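**Q** Protein chains in written order, with our numbering: chain A, 1 to 225; chain W, 1 to 54; chain X, 1 to 226.
Source of the hints: derived by calculation from the structure; they are not laboratory data.
Values in this document were obtained by computation on a predicted structure and should not be read as measured data.
Treat each hint with caution, since some may be false.
[Claimed, not checked] Simulated coverage check for chain X against chain A, where a stretch passes if three residues somewhere in it have a Cβ under 8 Å from a Cβ of chain A: (1) 158-165; (2) 168-182; (3) 192-204; (4) 209-218.
[Said to hold, decoys possible] Okay, the calculated beta carbon distance ranges per label pair: (5) 181(A) / 164(X): 48 to 58 Å; (6) 164(X) / 49(W): 38 to 48 Å; (7) 28(W) / 131(A): 15 to 25 Å; (8) 7(W) / 164(X): 38 to 48 Å; (9) 28(W) / 214(A): 17 to 27 Å.
Note that CB positions come from ideal geometry on N, CA and C, so glycine has one too.
Spelled out, the chains give:
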Amino acid sequence: MREKTLYGLGALAIALLTHNIWKMLVNLPDEAFQGAIFRIIFFHVPAAFTCFTCFLVSLIAGISYLKTRDLKWDALGVSTTEVGLAFGAANLLTGMIWARIIWGIWWTWDWRLTSMLICWLLYGGYLVLRRAIEEPTERARLSAVMSILSFSVVPFVFFSIKWFRTQHPQPVLYGEGKMDSGYRAMLFGNWVPILMIAIVLVAVRMMQERRQREVDALRRSAHAF
Amino acid sequence: MNDAAARNFEYLAYGLITAWLVLVVYVLTLVSREGRIRRQMESLQRMLEDKEKH
Amino acid sequence: MLFLRQVLTITAKDLRSELRTKEALNASLAFALVILLLFSFAFDANPEMMREISGGLLWLAFAFAGALILNRSFARELVNDCLDALISSPVPGAALFLGKVLANYVLLLGIEVVCLPIFGVFYNVRWAQQPLWLALVLILATWGVCVVGTIFSALTVNLRLRELMLPMLVYPMLIPCLMAAMMLTTPLLAGQPIEGDLFAWLRLLVGFDIIFTSLAVVLIDTVLIG
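Using the sequences and the hints given, assemble the complete structure.
**A** This is the structure we're talking about:
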């Protein structure tokens with residue numbers, strides 16, 4: 001039943017995304033200065049939002065684990081971190097392809113690119129840390145601490161690198177950068193299905209984590225015979 | 001359509017493909033993990049059955 | 001008051017054992033000097049170039065040297081189960097942690113003070129033109145490095161590949177702190193005082209120190225005990 005709901009949600013998300021791609025290619029006019037390539041933003045920005053939503057949930061899961069010591073929070077923590085890293089990678093790669101056309105270079109040490117890369121490395125470190133610990137409760141405890149520390153450093157990373165240098169287009173949703181309402185609707189319209197996909201992936205990953213625990217318990221009882 | 005616009009479209013396609021490719025790769029890791037868990041489960045169950053027979 | 005005495009007892013113990021064996025201190029100081037030497041091959045060390053990158057060079061060397069000290073901080077206690085003895089002693093986890101931070105802090109500051117004149121001689125930099133500001137930056141940034149480094153030292157103490165895990169986890173965490181230190185140190189070495197926009201970096205350092213000291217003190221019992 002639960003799996004059917006998940007697959008239904010995933011199918012709905014993919015249908016919505018296909019619809020959006022068709023709409024953005026046919027209905028939305030090219031942006032005046034950037035041409036067709038600007039449409040990447042409808043994936044680039046929602047991927048970043050999804051990435052940080054995942055990291056935020058991972059922080060909440062870390063705190064909840066330390067409060068309750070229930071391993072299901074640890075499963076949520078590792079699932080959201082992995083999915084967040086996947087969307088973070090999508091964000092970085094689409095950004096690089098966009099930069100190749102607009103700035104003529106694949107990579108520049110602009111503050112948002114750099115910050116995103118550092119966040120990616122931080123949470124990549126979280127996964128490496130998990131792999132180095134065998135014992136499940138110790139792994140859960142230390143990775144919860146790592147998640148809390150990582151999330152606390154994110155604002156520092158963003159501010160410090162912002163002061164360091166900037167070359168990125170202005171923030172599109174706040175501040176000086178104005179965005180056409182049709183574009184904005186498309187941006188959020190695409191975020192909804194992308195977030196749905198993230199939820200499906202997290203749920204699947206959590207089920208795997210639970211089954212892995214069952215396997216481990218079975219193995220212990222098998223060896224106890 | 002001039003050259004710049006064509007290149008623009010080409011890179012848009014690359015961008016969209018890359019975004020989805022990343023997710024496909026992640027889904028593939030999920031699938032392989034699923035298979036690994038299932039194999040472990042089966043071998044453990046077989047081991048337990050063998051032990052009960054003896 | 002008791003807490004303070006406990007902190008200082010741990011600091012004194014760590015410093016005494018380090019100064020008697022000098023295992024981390026010698027390695028770390030030698031490493032910092034080797035790195036400073038290696039930099040001279042990476043680029044042409046002319047005065048204009050040095051004016052732009054001196055802060056970055058110094059702090060990279062300090063960060064690498066710091067990792068060696070921090071690696072030993074908790075790993076030293078593994079032999080003969082000393083860590084378990086420390087945890088079961090009446091000293092609270094926070095005091096144990098702050099004591100170790102303080103010991104690492106003194107050691108790393110010592111290394112920095114030795115490296116600075118050597119750096120000045122090698123690269124022809126008159127580093128002591130703004131001594132008070134420079135001291136403030138060293139004090140604040142080194143504290144940040146030591147607090148974050150020590151909590152990760154505790155976090156990774158029981159891991160396989162501890163020596164590799166610590167720098168891999170710590171350096172991305174330290175980027176804001178090191179970046180602020182580099183941005184402040186470069187103009188200070190060129191003889192300019194801290195003014196205008198540079199105060200933002202100083203505030204960033206203070207904020208980093210406060211937030212991570214409090215987080216580490218809150219989390220250390222979870223890390224050490226469970």
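**Q** Decide, hint by hint, whether the structure agrees.
**A** Structure-based check of each hint:
Note: the stretch 158-165 of chain X has 5 residues with beta-carbon separation from chain A under 8 Å; the three-residue rule is met and the coverage holds. Check result for the stretch 168-182 of chain X against chain A: holds, 9 residues qualifying (beta carbon to beta carbon below 8 Å, three or more required). For the stretch 192-204 of chain X, the proposed coverage by chain A is satisfied: 4 residues have a C-beta within less than 8 Å of a C-beta in that chain, meeting the threshold of three. Beta-carbon proximity to chain A at under 8 Å applies to 3 residues in the stretch 209-218 of chain X; the threshold of 3 is reached and the given coverage holds.
For residue 181(A) paired with residue 164(X), a C-beta distance near 51 Å keeps the hint of 48 to 58 Å intact. Evaluation of the 38 to 48 Å hint for residue 164(X) and residue 49(W) yields a pass: the beta carbon distance comes to about 42 Å. For residue 28(W) paired with residue 131(A), a C-beta distance near 19 Å keeps the hint of 15 to 25 Å intact. The hinted window of 38 to 48 Å between residue 7(W) and residue 164(X) holds, with their beta carbons roughly 43 Å apart.
Hint check: residue 28(W) to residue 214(A), Cβ distance near 23 Å, so the stated range 17 to 27 Å holds.
Checked against the numbered hints above, the structure breaks none of them.
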